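> Chain X: place on chain B using the hints.
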Amino acid sequence: MSTSLMWTEKYRPQTVGEIIGNDEAKKSFISWLKTWKPGVKAALLYGPPGVGKTTLVQAAAKTFSYDLIEMNASDTRTAEKIMRVAGHAASEDSLLTHFSGSRGTLILLDEVDGIYGREDQGGIGAILRLIRESKVPIVLVANDISDVRLRDLKNECLLIPFHHVRPPLLLALLKELCRREGLEAEDEALKILVNRCEGDVRSAINDLQSIAERTKHIKVEDVERLLPRDKQITVQEALKKIFLADPPSEARKALAEVNIDFELLHQAIHDNLPYQYKDPEDLASAYDALSRADLYFGRIKRTKDWGFLSYALEQMTVGVAASRKKSYYPVGYRFPPSKLILLSKSKAERELKDKICSLIAEKCHVSRRRATMDFLPFLKAIFSSNLEEAKKIASWLNLTDEMVDYLSSGKVSKAKKR
Amino acid sequence: MSEESAVMWVEKYRPKTLDEVVNHKQIIESLKGFLKNPLTMPHLLFAGPPGNGKTTVALCLARHLLGENWRNYTLELNASDERGIQMVRERIKNFTRHLMGSMANVPYGLVILDESDQMTAEAQTALRRIMEANSRTSRFILICNYSGKIIEPIQSRCAIFRFSPLKREDVIGYLHRIAKNEGVNLTDSGAEAIIEQCGGDLRRAINTLQAASTISKTVDKKVVLQVVGRAGAEEVRSLLEKALKGDFLKAREMLYELMVTYGLSGSDIIRQIHREIFNLNLPQKTQIELANLIGEYDFRLVEGANEDIQLSALLAQLTRFGLQKSS
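Line by line, the protein sequences are chains B and X. Everything in the first sequence is counted per my numbering, starting at 137 for the first residue and increasing by one. Everything in the second sequence is counted per my numbering, starting at 170 for the first residue and increasing by one.
Isolated chain B, as found in the complex:
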C-alpha cells in the first residue's frame, strides 16, 4: 500500500515535536534514550492504542540518528527468533554504524503484551535476557501491562505510561489535517468525531479520511453516519454476555468483542461461574461444558491443530449458557482470575518451598514433586513438634534459617523477603 493513501502514514509525525499530547512521556523517553548506556534498564512504553507510542520511538530514532530494528513481538514469537533478530543487533555494533554516522542501533519490540500466549514459551525469558545483556537500548511497547506474567519484565524496565490524547489537542490536529487536505468541516462535526475516538489519534484520523472519501464538506450527519467502531468490551462485560446470553447462542458473540487470550477467558469464566450459577445443577452442567472445552484445548496443545479451537470456544460460551435452567441477575465479576492472584501473592512462599524441596531431592534421591508430597508435610510435622530433631535434619539438609522458620511456622518471614 502506498503511504500517501493512508493518512495515518502520510501524516505520521517525523520528529518528536510533531507528536501531540503525552508531554511527560515524551520527556522521560527522550532523556532515557539520551542517557542510555549498557546496564541501564530498557524502556517500556504502555497505554491505550493510537496515542503515539510506536510513533514516538520511530520519530526519536530519526531525530537522534539511530538505526531502528522493529520487531512485533506478537509475530515473532519464539525465544529463538527474538534472540536471533534482536540478540544479534544487541551484541555487536552493526557495520552500518561506522559508515552512516548513526549513533547505533535501537531495538523496538512492539506488542509485548501479546507475547505470553502458549507458543511463546520462553518469549518473556528471552526478552529478559536480551535486556540484561544488551549493548544497545531496547524499547518495549505494550497496551496493557497488568498481567501478572509481565511482572518480571516490568522490574527490568523504566515504565513510561501514555494516556489518551486530550480532546482540544486532537481537535486542533483534525482541523490542521482538514486545512492540508482542503476540506471544510463544521466545528460541531469535528467535536463529535473527537469525542467518538476517545483520545485515540489513529482512529480519529482514519475516521476523518473515510468521511473525506465521500465529501469535502463535512457536516454533523456525515460523522453520525459512520458505523459504530467495533468497540472492545471489558472482560467483565464479556462474562456477563456469556453467562446471561439469551438465547444461549448469543454467548459466542462476546468472543469477537473482547480482546483477551481465549484460555485466559476460559479461566475467567471458570473463576466466576460459581458466583453466577448458584444452583448446583446449573453449576455442574456448566462446569461440564468448561471441562469439555478444556479437553479441546488439550488436544490443540498436543496436536497443534487449531481446528479444534472452535469446539473449545463453543463449549465455553454457548455450552455454559445453555446449562442455565434458572434465571440469574448479573453479579460483580472478578478479573484477573483469583488463582492467578493467589499465585502471585504466594510467590515468595512457593519459591522457598521449591528450594527446600530441591535440597530434599538432592539428598533423598527423589524428584522435587515427590519431595513436595512425601517429605514436606512430614518435615512440617517434625519441625512444629520437636526442635531438637528439627535441628539435626536442618543441618543435614543444609536448610537456611528462613527455611527452618517456614517449616516450623508455615509462614515466610517477612524480613528475608527481597
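One side of the interface only, derived from the structure: several residues of chain B facing chain X at Cβ under 10 Å: (1) ALA420; (2) LYS475; (3) CYS500.
Simulated coverage check for chain B against chain X, where a stretch passes if three residues somewhere in it have a Cβ under 8 Å from a Cβ of chain X: (4) 398-405; (5) 434-448; (6) 478-492; (7) 510-518.
Partner residues are not named here, just some residues of chain B that face chain X (Cβ under 7 Å, in silico): (8) PRO410; (9) PRO416; (10) LEU419; (11) TYR423; (12) LEU426; (13) SER427; (14) ASP430; (15) LEU431; (16) HIS501; (17) SER503; (18) ARG504; (19) ARG505; (20) SER521; (21) ASN522; (22) LYS528; (23) TRP532.
The hints are simulated quantities; they were obtained by calculation from the structure and are not laboratory data. Only a predicted model underlies this, so the values are computations on that prediction, with no experimental measurement involved. Just so you know, even glycine gets a beta-carbon here, dropped at the ideal spot from N, CA and C.
Leaving out everything else, chain X in the frame of chain B:
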C-alpha cells in the same frame, strides 16, 4: 558421604547392596546375573508403584557396577524436575563428555532417569535418540510408575522389570526393624494406622514413622493420626466433605490452597480424593459410583490443558451428587 550420617530415616535405612534388599527376589537375581559380565547389561526399565524400592535397587546396582566412586560415574536425573528435554540432553551430554576421560575404571556410566513416565511422548522420542547416541559410554536405568506410559521404541530397547507392590507384612516388618534400632516403641495399632495411611509406599511409611516418633517415643494409632493430620492428608478429606455437603465455593478454595501453597499437582490431588472416597461413610454402591466419576475426571485431567478447571468441574459434579443424595 552423607549416607553414613543420614538423619532422615528413609536414607539412613536405604539398603546399600542388592543383598540387603528384602523384596523383589527374582529381580535381584536377574540383576546379579548382569554383574558377572557388566557389558552384557542392556538399558533397564523399572516400573512399579511409588516407594517400593525402584530407586534403591538402581542405586545398589550402581554401587556394584561402578565401585566405591560410583557417584562420579552416575547421573541421577528426574524427568519431572528438568525443564524440558533440552535440559536433559544437555546434562547427559556434559555427563558423557566428563566420563570420557575416566572410562578406564568403569565399564560405562549410568544414567538413572527417575519419573520417566512424566515425559511427553515427544520428549521420550528425543530421549530414545539420546539413549542411542550415548549407548557406547552409558547405560540408562529408566524408572517409572507405569510402564505403559513409556513409548514402545524405548520399551523394546530395555530389559523391563516390574516391581510389585510391597506386601503389608514386609512393610510392617521393615517399620519394626527401624523402630527397634531407633529405640521407638511402635505398637500394633500404630503400625496398622501407618499402613492404612500409606499402603505399600515404604517411603511414606518411614517418613510417617519418623515424624510420629518426634512427637512421642511410643508410636500408637493416636500419634500416627496426629502426624497425618498435621501433614495435610486431612485437607483432601475435608475438601471432599465440603463438596458433598454442597459448599462448592469453600471446596474450590481449599483446592486452590492445596495446589498453590502445598504445591500438589492435579493428579496427586485426584488420586487422594479417590482414596478418600472409600473412607467415607457411604454405601459401597455409592462409593463405586463416585469412584467412577473421579476416574472420568482423572482421564480428562490427563487429556485437558488446565488442571484447575478439570478439578473444579469434578467438585461441581460431587456437589450435585451430594445434594441429590441428601434430598
